[in-house]
Amino acid sequence: VATAKAYPRKQFFLEMFTRDISLEDCILDLIDNSIDSLIRTRGINIATEVLGPAQTNGNRAKPSEINVRYSSREFAISDHCGGISVSDAMDDVFCFGHHDQPAANRLGVYGIGLKRAIFKLGNKITVQSNTESGGFHVDIDVKQWAEQDENLEDWTFPLKRTSERVPKERAGTMIHISELRPEVIGRIEEGTLDASLRKAISQTYFAFLGRRASVKLNGKLVEARPMPFGESSLVEEYGEDNFDCDGVDVRLRATLAPKRMRTQEYAGWYILCNGRTVVAADQTELTGWGVTTQAFHSKFLGFAGFALFTSDDPAKLPWTTTKRDLNRESLVYQKARNRMGGVASPVLTFLSKMYPADPAPSIAERKVVESVVPGDLRQHLTSQGRRSFSARTPKVRKRTTQVRYEAEINEIERIRKHLHNPDMTASEVGRLTFDHYLKVECPE
Amino acid sequence: MSPSTRSWQTVPYDLRAAKQIERRMIIDALQGFAIAGFDIRKYLYLGMGSIYFVDFILFHKWLGIDSMISAERDVEIVKRVDFNRPFRRVQVEPKPIGELIASLPPEAKVIVWFDYDDTLRAEHLRDLLRAGTYLSRESIILVTVEAGPPRDEQGNRVDDPRQWKEYFEREAGDYLGRSSRLADFAQSKLQSLNLAILVRAIKRGLSTRQDQFLPLFYFSYADGREMLTIGGMIGRRAERTRIARSSFLETPYARIRFRDGPFRITVPRVTRKERLHLDSAMPCADTWLPGEFELDSETVRTYRDVYRFLPAYAELLL
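So the protein sequences, as listed, match chains A and B.
Just so we're aligned, residue 43 is where the first sequence starts under the working numbering, counting upward by one.
Just so we're aligned, residue -11 is where the second sequence starts under the working numbering, counting upward by one.
Excised from the complex, chain A in its bound form:
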């Protein structure tokens, strides 16, 4: 029996694989690696230390710093997040894909992010890491590396061990990339990358920033983007649902957004996998709009929903390889999407009441919405069970009602003629005649 070759080809990884992901997402993949290192080496529990309520006993760990710098000549990311051990570097970190045994990582799932990112960025790559037990140094010239592609022995990088041992708080990794690809230089010189990257980082890692990690972009600290989780004394219950599915803990929350966040930019569902934001302000069928609830509409700008998936095995989480989308075939995603509709529905019904078909003002719901102020999502993540959103609508006495009736067009015309005002609308004629009757027949 002959065999057919099924070899990997370097060109595929260098040219094709890198097309499926944006420059911003590549850089986020590198930040993921740093945060993963932090989680691994510090033994961080995401559920309590990242997504749990703030600790008030003063024992808060100082956030570890991740520095991202770039210019049109070079790109570098460095951290003090614990570093990569030599054995991990030799056997796992540079492989395309992980072994099938469960990884100790929480954000790195597929074992492709680092390679895809560095190949996307440039040609000359240096990866250097120092830990308490030594370190290593890898230099890659991508063009040279790509020339040899005959057998699996060509799929290695030269690794130099270094004997320097550093204390835990200084242990970390540095990746430096030069000879950037022309399209990357183009994006950098165009001038919009900084803002979009800053927004992406602040949103993607909002749960980590200021807690266990901090990120500096070209020397400037990135602030966590506030989430539109609103609180009010008039909100009696927040929409809540919690369940486990195949080793994934799922927490769903739905409420009203605070005033300044009732915008197209903030409204919708936020999906977090192990604390990392995967989807933000989603208003599409992906999060159930038009399927498990009504289609998104401007009257729902005050809606804020959060779905948090947490698992010790990140491969069980419903994210895709770019971590910017959800795997629609994932069972846990499908189950969550169905239940997100149940959590969202009372909030949407509430918001709909603000815009009744009867145009007479229905301000009770508006009073509640106006009372909503920014809140802390984390304070609402520890509760168990299911709750339906409900709010206490203040009693508002209805002072007006609608008057509607059919009238003969020629009779309206007679009134217009009588008033010498042919441009009056039928509605204005109605109002005028009503006011006239009120004045002459029901004087006060």
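Simulated from the structure, these hints should not be mistaken for laboratory data.
All values derive from a computational prediction rather than experimental measurement.
Be a bit skeptical, because a hint or two may be false.
[Said to hold, decoys possible] Derived contacts from chain B toward chain A, CB cut-off under 8 angstroms, selection only:
| id | residue |
| --- | --- |
| 1 | 84 |
| 2 | 86 |
| 3 | 87 |
| 4 | 90 |
| 5 | 94 |
| 6 | 117 |
| 7 | 122 |
| 8 | 193 |
[What the hints assert, rightly or not] Here are the simulated EDC-like cross-link-like pairs (lysine to aspartate or glutamate), alpha carbons at most 16 angstroms apart as the crow flies:
| id | chain 1 | residue 1 | chain 2 | residue 2 |
| --- | --- | --- | --- | --- |
| 9 | A | 395 | B | 62 |
| 10 | A | 395 | B | 87 |
| 11 | A | 241 | A | 265 |
Virtual Cβ for every residue (Gly too), placed ideally from N, Cα, C.
Position chain B relative to chain A; hints supplied.
Just chain B now, with coordinates in the frame of chain A:
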């Protein structure tokens, strides 16, 4: 609110004979399930009682169910609905029924009756999806919709299959499955089309669970409008076996496969005097005919299927 969602203003709920037969048949089946080991008395009934609460009265008196919630979305009649509550245990919730589904206790076994009086709409399908998502194993889902051609905004009948197709494409979306040709929306197909859409919505809710939707009921009738009711239990092989071993399958209305077609509820046109005579011969043999007056064999067989459930109306001067 569209005219069709306020049928309580135009339809005397307690006097719809076919509907009443349907209710009694469902109760008959549930009594059988109770004997087969389903603790029906402990079930929670979630329905849409309007101001008449006919189903609530029957379910309480005949099945012993006393945990009951009536969803009432018409906020303008909430006080009136509350005033008409037949029993203390009936709780009126001024919310859409689909919204209540997610807030029921997760462990509760529920009988829910989505008793819509209009044609199938996207909102109904979301309710069904939610029922499939949240309701516990052994819960029973009943759905009633108008199965005739869709109506326009004013509630008038539209006689154009193209518009019916557009209507279903808009309201049912993905749930239409393979129905895409105009012929799939012919009037004679609307009943099976409605059935398929309703079942798909429930199954979508169940898709992430190990439970299935086990068919039990498939009724069609016309008390003025052409209506369709389907029902089934959320369950697995164990529930299927218990149902199969109960006396339910011996009833003429049982439908454990939807492909067997609907049980058509027809109200026989017979006088009170004729009825007393027919009753004395029930259940009759297939070929039996009354000798005292003319009645065709089809009417007699129809009568035999429904006589136990047929309401008798009389004027009562209070």
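For each hint, the structure was consulted:
1. 84: holds (7 angstroms)
2. 86: Residue 86 of chain B check passes; min Cβ-Cβ to chain A is 7 angstroms, inside 8 angstroms.
3. 87: Status holds, d = 5 angstroms.
4. 90: holds (3 angstroms)
5. 94: Interface hint status for residue 94 of chain B: holds (7 angstroms vs cutoff 8 angstroms).
6. 117: Since chain A brings a Cβ to about 6 angstroms from residue 117 of chain B, closer than 8 angstroms, the hint holds.
7. 122: Hint holds; residue 122 of chain B Cβ to chain A Cβ min 6 angstroms, cut 8 angstroms.
8. 193: Result: holds, 6 angstroms to nearest chain A Cβ.
9. A:395 - B:62: holds (12 angstroms)
10. A:395 - B:87: holds (14 angstroms)
11. A:241 - A:265: Cα-Cα ~9 angstroms, so holds.
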